[in-house]
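Colleague: Full structure from sequences and hints, please.
Here the numbering used here = 1-based position in the sequence shown + 1.
If you're looking for bench data, these hints aren't it; they were derived computationally from the structure.
Computed from a predicted model, the values in this text were never measured in an experiment.
For every residue, glycine included, the Cβ atom is placed at its ideal position computed from N, Cα and C.
Mixed in with the good hints, there may be bad ones.
Lysine to aspartate or glutamate pairs mimicking EDC-like chemistry, simulated, CA-CA at most 16 Å apart [what the hints assert, rightly or not]:
{"hint": "1", "residue 1": "K386", "residue 2": "E341"}
{"hint": "2", "residue 1": "K327", "residue 2": "D304"}
{"hint": "3", "residue 1": "K386", "residue 2": "E342"}
Across the chosen pairs, the derived CB separations fall in these ranges [unchecked claim]:
{"hint": "4", "residue 1": "S149", "residue 2": "L96", "range": "42 to 48 Å"}
{"hint": "5", "residue 1": "V18", "residue 2": "T117", "range": "34 to 40 Å"}
{"hint": "6", "residue 1": "T117", "residue 2": "G255", "range": "47 to 53 Å"}
{"hint": "7", "residue 1": "A305", "residue 2": "T276", "range": "19 to 25 Å"}
{"hint": "8", "residue 1": "T156", "residue 2": "G273", "range": "37 to 43 Å"}
{"hint": "9", "residue 1": "N388", "residue 2": "A282", "range": "32 to 38 Å"}
{"hint": "10", "residue 1": "T156", "residue 2": "E358", "range": "26 to 32 Å"}
{"hint": "11", "residue 1": "F406", "residue 2": "M256", "range": "29 to 35 Å"}
{"hint": "12", "residue 1": "P387", "residue 2": "A115", "range": "39 to 45 Å"}
{"hint": "13", "residue 1": "S348", "residue 2": "S51", "range": "41 to 47 Å"}
{"hint": "14", "residue 1": "E358", "residue 2": "G102", "range": "44 to 50 Å"}
{"hint": "15", "residue 1": "S310", "residue 2": "T156", "range": "45 to 51 Å"}
{"hint": "16", "residue 1": "L96", "residue 2": "P345", "range": "50 to 56 Å"}
{"hint": "17", "residue 1": "S310", "residue 2": "P387", "range": "31 to 37 Å"}
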Amino acid sequence: MPGAAIVVVPLYQLVYVTSGTWMSGQRDVVASHVLLLVIVAVLARLRGGSGFWAAAAGAALFVAVMTRPTYLLMAPFAALASWWGRQRRGDRWALVASDVGLAAAGFLGAAAIALTIAWPSGALAGWFEMAVRFNLEVYGAGPTPLLSALTSYVTYVVNSWHWYAAFAAAGAVLLWRHDRTESLSLLIALAATCVGSALVQGKGFAYHLGGVLPVLAFLMAVAIAAGLEAWRQHPRSLRHVAVGLLLVGIVSVGMARKTQGAFETQIEFLLGARTEAELLAAYESGAEGASMADVVAAARYLDATTPASATVLTWDRPVAINFLAKRRCPTRFINTHMLEEAHPPFSLTEAWTLEIEAVWETVPPMVIVIPRPPHDELGTQTFPKPNPSAAVQTIATALDERYEFDRAFGSLELHRLTVVAEAEGPLAKDPSL
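Modeller: And the structure:
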């Protein structure tokens with residue numbers, strides 16, 4: 002559609018940054034951007050490109066799968082869309098088989114390169130533990146019933162994406178009517194991949210639908226561009242003018258409301274209506290009883306009172322402290338929820354426990370940050386939670402025996418290492434201890 006490529010650039014930026022519900026930056030939506038490269042490569046191949054494009058589609062799919070393993074679902078959906086395109090063109094079955102074979106070669110070739118580079122460092126082992134084994138054995142256990150998950154997703158679409166969905170449906174119809182079915186079928190394949198991935202994960206979380214956002218944006222852009230083009234071509238037609246004004250009005254008001262909802266506080270700050278302290282205090286840190294102002298204050302304090310080589314363990318969600326203080330986490334488990342869930346029969350329970358014990362036997366964190374919410378009736382942020390995993394108990398015991406309370410920022414308690422074992426000689430010489 003004329004103009005759709007121009008419309009989608011600012012439109013998708015607005016759709017992305019106002020998505021909310023932890024959607025932006027999550028693996029689901031990030032990996033969907035890589036799947037867009039798969040679509041581009043498949044289209045290039047269907048439109049007469051060399052076999053390079055089929056192989057490139059497979060290589061891009063590998064990158065997406067490394068980011069979100071469940072996106073391997075794109076393989077059969079893209080193959081089906083490619084077959085549909087070949088059938089419409091009257092191509093021979095041999096070409097379909099060739100496309101699939103070249104894509105598979107590209108996927109395996111990218112995998113071989115990744116293995117060659119990452120295997121010696123052990124990076125792939127860590128990825129496999131956390132992205133595959135933990136998700137299969139722990140995170141995916143006891144999934145939300147399918148009907149409940151579907152209800153949750155439909156409710157979210159109706160409440161948050163209603164006009165997105167309406168515009169996207171109109172864009173899909175326009176692509177179909179203008180015989181752009183190859184592009185449409187591949188966008189549908191991407192949407193089906195994202196929805197299928199969300200259902201496979203079985204949690205019912207809205208952000209697992211994040212991969213649908215670029216599909217909605219592309220189809221919305223088609224509808225908007227078509228309406229504006231009709232208005233341009235028929236400037237004296239009351240019907241076309243009315244449709245054009247309606248499109249502009251809905252998009253403008255809709256995006257303005259979403260922008261205000263997502264960035265009202267930042268806008269007030271930029272306009273001088275809020276101070277920086279008020280801006281930070283308005284945002285939650287992920288820990289009850291602590292705002293981002295507390296996170297920033299804690300990070301500045303740690304930056305001033307610990308050496309650059311020190312490590313800091315931040316429990317639960319306020320891990321922005323590590324980033325702002327420029328202090329590394331002492332373990333690879335920046336997401337401490339994984340340690341909390343490392344109970345038998347999870348096959349890596351013992352290995353992860355030994356890994357945590359080794360940290361405290363060699364170079365333990367100089368500071369542990371523990372959220373202590375003033376009102377936590379459900380115990381969701383208690384440390385340690387009842388029946389802690391062996392790994393968490395190791396940390397809790399060390400906290401009691403080897404650390405002392407330093408100070409608090411909101412509900413964020415900072416505990417500083419005071420007892421240093423013989424094996425920790427370099428830390429023992431640090432004057433800040």
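Colleague: Determine which of the earlier numbered hints do not hold for this structure and return their numbers in increasing order.
Modeller: 10 and 11
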